[in-house]
Structure formats: C-alpha cells, structure tokens
Amino acid sequence: MGQVLVIGLVEGTLFGLLAVGITLIYRGTGSINFALGEIGTFGLYVAWWLTIDRGLPWIVGAAGAVAVSVALSLAFERLVVRPMKVRSPLAISVATVGLLTALLSFEFQKFGESPREVPVPIHGLGVRIAGVNVSPTQLLSLGVVAAIALGLGQFLRRTDFGLGVLAAAQDPDATRLVGVPLRRVTAFVWGAGGAVAALAALFVAPTVGVLTPGFASTHLFVVALIAAVVGGLSSLQGAFVGGLALGVLKSGVLRVFSESALPGKEYLVYLAIGVAVLLLRPDGILGAPRLRGAT
Amino acid sequence: MATPLLQVEDVTTGFGSSQVLHGVTFTVAEGEIAGVFGLNGAGKSVTMKTIAGLVPTWSGRISFAGEDITTMDAEDRVVLGMSHVPQGRQVFPALTVDENLRLGAYTSRRRDRAGYAARLDRVLTQFPILADRRTQLAGTMSGGQQASLAVGRALINEPRLVLIDEPSAGLSPTVVSELLEILGQVAASGVTMVLVEQNISFGLKLAHVAHLMQSGQVVHSGPVAELDQQRLAEHLGVGRMLGASTGSALASRRRPARGSNGAAPR
Amino acid sequence: MTPTVPMTPTVWLRYLGVLLVAVSAPVLLGEMGVLNDTRALVLGEAVALAIAALSLNVLMGYAGQISLGHFALLGIGAFVSSKVTAPSAGNPVALPFVVGLVAATGAGGVVAFLIGLPALRLRGLYLAVVTIVFNFVMVQSLFQSSWLSSGSGGVELPRPLIGSFDFVRNADYLAVLLAVLVLVWLIDANLSASKLGRAFHAIRSDETMAASFGVDVTRYKLMAFTISGALAGLAGALYGHLFTFVNSGTFDLTQSLFLLTLVVIGGLGSRAGVVAAALLYGVLDFVLGEVFGADVAGWVVFGSALLLMFTIAQHATGLAGAIRDARERRNERSVHVAAITPQMVDLPRPTGLPARVSASSTDGPLLAVRGVTVDFGGLRAVDDVSIDVPTGRIVGLIGPNGAGKTTLFNAISGALRPDAGHIELLGRDLSGTPAHVRAAAGIGRTFQMIGLATDLSVTENMLLAQHQVATYGPLESLAGLGRAPRIEAEMRQRANDAIEALGFARYADTPVKNLSHGQQRIVEIGCALVTAPELVMLDEPSAGMAPGAVENLAVRLRDIRDELDRTVLLIEHNIPLVLDVCDEIYVLANGALIAHGLPDDVVARPEVIEAYLGAAI
Numbered sequence: 001m002g003q004v005l006v007i008g009l010v011e012g013t014l015f016g017l018l019a020v021g022i023t024l025i026y027r028g029t030g031s032i033n034f035a036l037g038e039i040g041t042f043g044l045y046v047a048w049w050l051t052i053d054r055g056l057p058w059i060v061g062a063a064g065a066v067a068v069s070v071a072l073s074l075a076f077e078r079l080v081v082r083p084m085k086v087r088s089p090l091a092i093s094v095a096t097v098g099l100l101t102a103l104l105s106f107e108f109q110k111f112g113e114s115p116r117e118v119p120v121p122i123h124g125l126g127v128r129i130a131g132v133n134v135s136p137t138q139l140l141s142l143g144v145v146a147a148i149a150l151g152l153g154q155f156l157r158r159t160d161f162g163l164g165v166l167a168a169a170q171d172p173d174a175t176r177l178v179g180v181p182l183r184r185v186t187a188f189v190w191g192a193g194g195a196v197a198a199l200a201a202l203f204v205a206p207t208v209g210v211l212t213p214g215f216a217s218t219h220l221f222v223v224a225l226i227a228a229v230v231g232g233l234s235s236l237q238g239a240f241v242g243g244l245a246l247g248v249l250k251s252g253v254l255r256v257f258s259e260s261a262l263p264g265k266e267y268l269v270y271l272a273i274g275v276a277v278l279l280l281r282p283d284g285i286l287g288a289p290r291l292r293g294a295t
Numbered sequence: 001m002a003t004p005l006l007q008v009e010d011v012t013t014g015f016g017s018s019q020v021l022h023g024v025t026f027t028v029a030e031g032e033i034a035g036v037f038g039l040n041g042a043g044k045s046v047t048m049k050t051i052a053g054l055v056p057t058w059s060g061r062i063s064f065a066g067e068d069i070t071t072m073d074a075e076d077r078v079v080l081g082m083s084h085v086p087q088g089r090q091v092f093p094a095l096t097v098d099e100n101l102r103l104g105a106y107t108s109r110r111r112d113r114a115g116y117a118a119r120l121d122r123v124l125t126q127f128p129i130l131a132d133r134r135t136q137l138a139g140t141m142s143g144g145q146q147a148s149l150a151v152g153r154a155l156i157n158e159p160r161l162v163l164i165d166e167p168s169a170g171l172s173p174t175v176v177s178e179l180l181e182i183l184g185q186v187a188a189s190g191v192t193m194v195l196v197e198q199n200i201s202f203g204l205k206l207a208h209v210a211h212l213m214q215s216g217q218v219v220h221s222g223p224v225a226e227l228d229q230q231r232l233a234e235h236l237g238v239g240r241m242l243g244a245s246t247g248s249a250l251a252s253r254r255r256p257a258r259g260s261n262g263a264a265p266r
Numbered sequence: 001m002t003p004t005v006p007m008t009p010t011v012w013l014r015y016l017g018v019l020l021v022a023v024s025a026p027v028l029l030g031e032m033g034v035l036n037d038t039r040a041l042v043l044g045e046a047v048a049l050a051i052a053a054l055s056l057n058v059l060m061g062y063a064g065q066i067s068l069g070h071f072a073l074l075g076i077g078a079f080v081s082s083k084v085t086a087p088s089a090g091n092p093v094a095l096p097f098v099v100g101l102v103a104a105t106g107a108g109g110v111v112a113f114l115i116g117l118p119a120l121r122l123r124g125l126y127l128a129v130v131t132i133v134f135n136f137v138m139v140q141s142l143f144q145s146s147w148l149s150s151g152s153g154g155v156e157l158p159r160p161l162i163g164s165f166d167f168v169r170n171a172d173y174l175a176v177l178l179a180v181l182v183l184v185w186l187i188d189a190n191l192s193a194s195k196l197g198r199a200f201h202a203i204r205s206d207e208t209m210a211a212s213f214g215v216d217v218t219r220y221k222l223m224a225f226t227i228s229g230a231l232a233g234l235a236g237a238l239y240g241h242l243f244t245f246v247n248s249g250t251f252d253l254t255q256s257l258f259l260l261t262l263v264v265i266g267g268l269g270s271r272a273g274v275v276a277a278a279l280l281y282g283v284l285d286f287v288l289g290e291v292f293g294a295d296v297a298g299w300v301v302f303g304s305a306l307l308l309m310f311t312i313a314q315h316a317t318g319l320a321g322a323i324r325d326a327r328e329r330r331n332e333r334s335v336h337v338a339a340i341t342p343q344m345v346d347l348p349r350p351t352g353l354p355a356r357v358s359a360s361s362t363d364g365p366l367l368a369v370r371g372v373t374v375d376f377g378g379l380r381a382v383d384d385v386s387i388d389v390p391t392g393r394i395v396g397l398i399g400p401n402g403a404g405k406t407t408l409f410n411a412i413s414g415a416l417r418p419d420a421g422h423i424e425l426l427g428r429d430l431s432g433t434p435a436h437v438r439a440a441a442g443i444g445r446t447f448q449m450i451g452l453a454t455d456l457s458v459t460e461n462m463l464l465a466q467h468q469v470a471t472y473g474p475l476e477s478l479a480g481l482g483r484a485p486r487i488e489a490e491m492r493q494r495a496n497d498a499i500e501a502l503g504f505a506r507y508a509d510t511p512v513k514n515l516s517h518g519q520q521r522i523v524e525i526g527c528a529l530v531t532a533p534e535l536v537m538l539d540e541p542s543a544g545m546a547p548g549a550v551e552n553l554a555v556r557l558r559d560i561r562d563e564l565d566r567t568v569l570l571i572e573h574n575i576p577l578v579l580d581v582c583d584e585i586y587v588l589a590n591g592a593l594i595a596h597g598l599p600d601d602v603v604a605r606p607e608v609i610e611a612y613l614g615a616a617i
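Line order of the protein sequences matches chains A, B and C.
First residue of the first sequence? That's 1 in my numbering, and the numbers climb one at a time after it.
First residue of the second sequence? That's 1 in my numbering, and the numbers climb one at a time after it.
First residue of the third sequence? That's 1 in my numbering, and the numbers climb one at a time after it.
Certain hints may be false.
Which chain B residues face chain C? A few, computed with CB under 8 Å, are given here [as the list claims (entries may be wrong)]:
1. 25
2. 39
3. 40
4. 41
5. 143
6. 169
Just so you know, these hints were derived from the structure itself, not from any lab.
Keep in mind that this is a model prediction, so the values were computed, not measured.
We put the CB at the ideal spot given by N, CA and C, even for glycine.
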C-alpha cells in the first residue's frame, strides 16, 4: 500500500505538472497542444546528446533540454500560430498535431528506433519511506515539481504579469484594455508549457529507463491529457490533483493486476477515467458548472 | 482654441464585407464629458472599440493628446492615458478586488511602483465599498459593487481619458441609479470621459455634449442643454414614435392598400 | 465542398465504367508484367491509405470533428477480419474474405459509435482527446492481448479466395482494392449529395446554425463518426489482407497522425484532394526510396507535417483548394464581380412553397409564451414574459438594445433552455424540447449574425433549410437509393423555385459568402420560408438593408401573412417598418414586458418612449 502510494505520487506529480502545462495553454488559447509531450521528448534528446554523448553534467543537459523545449514552443507560437489567418482553437490544435508529427518523424529520422540511455541526475541508493526505497532522482523530482508548482502559483497571483495571464484566460479584450500586452501573455503560456514539458520528461525518464521517439507522448502526455480533462481543462489545481490521482491509480492497477498477462492495463484505466469524467463531470472535478445559456 | 484631447476624424470600419461606421467625426475637449448616443445598430459600441484599438480602422484618423493613434495597439493607448470601463462583465470575476485594481494599474505600476499605494488609497477612499471587500472575488459581488470596481479600476491609473461603454446595459434600475451616483462623483472630479449609452436619459444626466449616431455616422453634435425630446427623436431615427412627421413615406403610402385585409386589426 | 450531383442513370453508368477499368487495368498490367509484385504492393498500400483518408475526411472534412486515433479503428477492422477469415485454434471455420470485410466494417462502426458517445455530446476538442487515448489503449494493450491477437506477435490475414481463384498476386489484389475505392467513393459522393452531407457541413460551420436548420447536432456528429469508423474498419481489413500480416505496431499513433496530415494537405472536405494526396504520397515514398534510399524517403513525412502547419496557418484548402482556386479565377470572375456590386434585388412574391407543417385549427393563439424567464449568471435577461401570437398576424417585438428580444427568440426556438416558463405551439407544449423538434413542429426562424452556411451555395442552403422534410434514412443517403433520390429531387425543385422567385437564379451555385450583406438577408428569409413553417420568426430582417429594400421588405412581409397565411413574429429596430407592417406589438425593456397593443397606441405610451429615449428630457 505504502509502496503504491509513494511510487504513484512520484509519477503523479509529473503527470500533474504536464497537465498544468496543457491547461495553461488551453485556458490561454482555447486549444490543446497535442505536441506538448513530444516537445518534452525533443528536449530529452538534447539532454541525452549533452550528457551521455558529450559527457557534460546532468544539470547542463537539463538546462539545454528546457531551453530547447521553450524555444521550440515559442517558435511554434511565433511562426505558426500568430500568423494564422483564422486563429480558431480547432486550427491551432490541428497545427499542433502537425508539430507532433514533425517532431516524431524528425526523431525517427535522426535517432532511429533504437532506445537511448537516459541521463540520471543522481545515482545512489536513496532513502526508505514507508518501507519503500525512493531513489535520489525521485526525491529530487518531488522537490523540483513541488517548487515549480508553488512557484508558478505564486508567480500567477503575486506578480502583475501573472495576474494578467489569469485575467487573459477570463477575458482577453478586457485584459488588453488595462494595458496588459496580450502577445507577451500568449508567448508566456506557450513558453511555460514547453518548460514544464521538458522538466516532466527529464524526471520521468529515469523511471522508464530508455528513450525512444514518442517517449514523453506515450509515457506522460496521454496521462496528463486525461488529468487535464479531470481538471475540466480549466482548473490548474484540478489538473495537478488529477495527475496525482492518475499516478496513484496507475501504480495501484499495476500492483493489483500484476498477475494479468494483458499489457498496457494502465491505458485502459486512463481511457475509462477520461470517459467517466466526460460523462459525469465534463467541467472537471474542481471545475465550476458551465454558465447556462453560454452556447 | 486648444487642441481637443480626442479627435475622431472621418473614421470608417466594419467586419468582413459589412461596413459599420461610415465616417464618424467628433472631438472631445479636455475636461469634457461627451455622450455618444444612438439606438441599437447605430455603431456606438464599434466607435468605442475603434477608439480603444480593439477594432482596426479602415480609413480616417484618431488622435489622442496630439498624437496619431490610428494604428496603435490597444495596450499602448492605455500607456498614453486611456482607461476603459468595458461593456458587459466589467471586472475579472475570478480575481479579487485587490487583484482587479492592481491589474487596472498595470501600466502605471510599471512606471511608478512606489506611487501605487497612494493611488490605491485614493480609489479606496472614493469607493469605500471596495475598501471593505479587498479580498473578495469580484464575481461574487453585487452588480453595483462590480460597477464601482470597474470604475475604480479605470481611475486608478489616473487617466487623461476614461472611455465608458454602455455602463447601464444589463443592470437593474437600482444598480443603474447607484452607478449614476458613482459616475456623477467621477465627473465632478474633472476627468475627461466619453460615455456610450443606449439608455439616453441616463447618459444625458452626465454628459455635457451629446453626439447622436444613426447608421454608422454622427448626425448631430451639440451641447446637451440644447436638446429636446423632439430633436432627439428626430436624430435617432424614431421620429414616428412621437408622432413627428419624420417617418418614412412608406407607411403612409402602403397602409390604405391593406385596409381591406381582415387579418389586420386596423 | 465538392459539388453535389444527384444520382442519375448516366452517373450510375459512369461509375460502372470506372469500376470496370479499375478492376481490369491492374489485372491486365499484371499479366503484361508491367505491374510487378513490388509496384503493385506500393500502389495497393496507397489505395488502402486513400480509403482510410476518405474515411477520416467524412469526419474531419465534412463534419469538422477531429480523430487522432483513426488507425486504431483500422486496426479493429484488421484484427476482426483476421478472426473471421484466418483459421486458428479458436476459429476452426474460416469464413470468406467478403464476410471478413463486412465484419470489419461493422466492428469499426460500432467501436466508433461507442467512443463517440461520451465525447461528441460536448462541444470542442473532446473527440480528439478520447481518440488519441484510444489509439494508445489499443496499441499498448488490446492489440497485444491474447483474445484479439497472439500477444505482440500479430495475426495473419489470408488473401481472398474466390472459387478457385486465389488473389495471391499483388496486382490481382490491387484490383480488389481499386474496386472498393470506387465503391467507397460512390458512397461518399452519395453522402455529400444527401441531407447527411449538408448536415455535417452545417455542423462544421456552426453548431448553433446547424441546430437552427433542424439538425440534431449530437446525433449527426455521432453518425459522421460511425460512418467514418465503419469505413476505417473496412480500410484496415483491406490493408491487413494486403500485407497478410499485422501486429499492434502496424496501427501506431504515428500512422493516425500521418493520416490526418494527408487529409489536411489533400484538402479537408475534398474527395479528390484526399485520394490524390494518399496516392501521391504512396508513389513519392516509393520513388524517393528507389532513387535516394529509404532514409531520404523518410523525410517525406517530416515535410508533410511542415506542409500541414503551413496549410492550416494560411487557412488554405490544401491540394484541392489550390486547384479549385486556379480554376475559379479563370471561370467565375464574372460572378465575383457581380457579388461585390451592392445590388439589391426585389424580394419576390413567395409562391409555390410547400404545404404547411401543421394545420392551424385551434381556438387559442398559434404561439403561446407563458412566464418565460432566462438568467445569465446573475443577470435576468428575460423576466417572466408571456406573449400570444395569434394565427395569421404579424406581431412585432421591439425594445431597446439589451432588452432580451433575441434571448426570448432563442427560448422560443429552443436555442437555449429558459429557467422557467412554457412555450406552446398550437396548444402543444414544446418546453424542454430541443431546437430541431421545434423546427419540425413548425417554427422557422432567421438569426441575427449567424443565419447561413456561408461556404455553401444558395441552393445548398435552401436544401439545408429543408432538413426536416428530408424523411429518408441514413442508409438511403449512403446508397443513393430508396426514397432518397425522389425526395432530394423534390427538395431541389422547391429550392430552385424559391431561388427563381427570389431572383437569385444567377447566384444559385455561388457560395453565400460571396453575396452582399443585403442579399444574404434575403436568402435567410427564403430559407426560413422554404421549410414551410407555421410561424416565421425574423430577427431584424432589415438590418443592413438599403432603404429601398426595406420598403420592399414591408410588402413581402405582408405577402407572407396574406398570400401564404403564415404568422410572423418580428424583431425590428426600424420603427417605421414595425409601425407599417405589424398588427400588434410587444415592447420589452430590461427583460420585462412593458407594453402590448396596437402599434400606434403602444409607441405613443410614455413608458415606451421612456424605454427608448429616457424620461423627462
């Protein structure tokens, strides 16, 4: 039980982190960035190149990963989203599918299907919590995610620009009319999405062990997407809580059905949760009921 | 004569293929309260959005404080000293009163953070109701309180011009009278305002100068004191309503032909 | 959108001819040795991809919904067909190939229906979310399970055996694939020429507008996905029998994403475009691979993805759009020029419209609105409003901006659900029924701002407006048989009559977006009338009309009442027009009813003048 909880929480925080990224972009643009996971994978390949291939320290690889992922997100916003003739949420979402396909095929072409070793920040035995061995990487992961989640929350509430980001999600025109530069808000939202994607990918990598094209889409993004739906695609807290819940659920399912020969059982659970939320609480577990007549 | 604070010259605009403004011209002097009045579809709100920079102009010129702002971003116009009380849901409902006010001061806080406390103090003194509710979410306040917040948020920047778009729209009569009082106070403090209203009696109580709009044009500009109901009705295109003879010829020409129709009660 | 051609004997013959060529050409070329096994396999894959692209196009191009997991549906088809046709331990009786195809088609449809059910009730991107997760579920889990597959090892799919003829040679199997492609093309063509195609298109343009034309939006979105899923299942089975072996990896998410890329590049909504894109890719991939090696060919997917982003950013319509634009620039210049001229035709005297939906022989009013209240958040938009609209009258609904007139219209037509109150038409309580039920019951309306499917032609809008009287079923739509051709012909006749009467014959095939604002308003009124409703609700018909046209409008509104015996409920800001045509008027202010009576009396009342101009000036 303790083991299920600890493993689940470690992974769940990462699902939650990426879910927050998805929700941030959804609130800012009305669209889902389907490439968000793969932006993280791409960063991870950069980290692999810097650390495993070039032999630089982990922190350099991590910085490189975050920098490249942020740059990729910003470039997409600047070169594809902003010049759009008709900038509808549907069009933006389809364009992110294009980015996802481009990144995947680039990775296949450049790195092939053969798995790569992933960079690990700290080696060592770690500590025992509730009878479970927690690796130093997992501890670091918990610490970093907690710091980011708290930091982001503080940034959004405490700074004027952060308030502008929250306000823009409620009413973009009114936000412009108090003088908040909407373009910078939009750029921030995409950039922050890229950063959390890289971080989530970096910390989930040691758990999975090997890096292949589609890595973060398969292991992180699908789950985070459902977590974001659990949060109603509107609540940052809801998305994070959804991620935690899915993390625990995943480790629970893998534990309880460890005898079953069926591969990928956890994906069935994700789909079931997603469908259940859409049927029962489409506004999310923490989401406010939709305004009536808003159609 | 001094240069007017706001000059709107022959502005046209629209959406897609349909033109909404067909050459709007008026000026607003420093310290003046200008009312822009008209019925639905006259182009009042679009005029306001064009001045604010939310709707691009097709042709014509808008200048503010001597500067040509025709193609300037909405955000930059705020920096120049324009403030807005937008139509509809006027405040950010999921933010607190304090946060709304802080956002209102977004541009001035960047320039002069130290002075914010004093500006906030002034607004809270002017609107004591806000002082009691600084941590309350704006969306949970009453209509009148939200209106106070919207006006306070516009004033906290100490703007040179406040644009107020249909403040009374969708508010209950009690809230409208509260709002009138608030805006009356503000007006007394000498701030220049442009007020767009469909509720004309409301607007006339505040404005010094009226600009009457019909079909995307300003058809009459003049001091409010010189307006009477007859002239108002005439310029707004509802002359027939008051039995005036400004109605179209079509009514008088068509009616006799239909007199024999049993379906019509007349 | 592809022009819609009704099925005539000539068209049937043409399809038969194409089918013969499609079947005989590969067989002959195979005999001659031109089409060797490698080439036939490449072409075969391209054709299977083309069928898959057509399937996704039904969902995305026609109905505007995104599936990111289409290859999972292809996988369902392949695995099911394998179960049915391949002899194995659990399946001692191997059934024929055709049974496999039918089972695959059915399974694809059923699964799509089940996935679509939770996602498509909601607006937005939920189908994309559910399908991408579904693709992962299938590939990571179920396609590797022992009851669908033999673990990750995959399954066998035998080539068809008809009599003693074995389609083991790829060229021969290519003939089968091409025959199915022609068949799917035919089904697709029927679909887009039917009420299904128009309903899908309307949903893609604007769900509220679609509902106003009487389209049950959720049901039709689900239908689009079910049809799309069935075709995907078919494509998957064909694909599997081509390679004779599939495993979970065959249907990876990357395949689904690439399929979507092809459909967007080919041109959303264009049959020819998406088929061309699929075939072009298949050939290009092969040729580049032969000339430069597989490594270079791999970059084609990358290039396609960039092209997808470019196409979306430019709001372009892909290959098909590029070709069509070039052709239009040559041919249709005259139409565009005419459209720019703000010419206002006379509203015609409406004649030849179909019989009314229901008979009006009750004592009460035609429409009775009782105590309707609508709240938006904390704001009461409509406050306990009751109005009667007597049969055969023109009733005006006026009031200042924000009075709640359009909101009341929405409550009456079912575009929104009021918080309290009843709506009765001819004594029948319609409260709580969705918009399309009310449209069928005899309420026709125009919308301010969102009246028409602007990408569709005038004719197609008039056909869309008759959605409710198109009583044939979805299968008849797909087959182009049964009642479909006759009913479609009648509808087309009515549309043509109405267009003729409107004086729009020249613009019949012109997309509505190319008409002037005033012309669009006339088409809207025509659409409200062509459904033959008992009650016609017009929301500011004079908005944007030139003064001369407004005069004309007054005459036509009376014609609607006197010549057609219809009842009109009219929102108008043009006071002279209201005073001229209305038999009685209601005045709304701040959501509440403040006056009712004869027009001249009502507008002279102080409270009405106050509502408009304010008191005591």
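Checklist entry - Checking against the hints above, which ones are violated? => result 1
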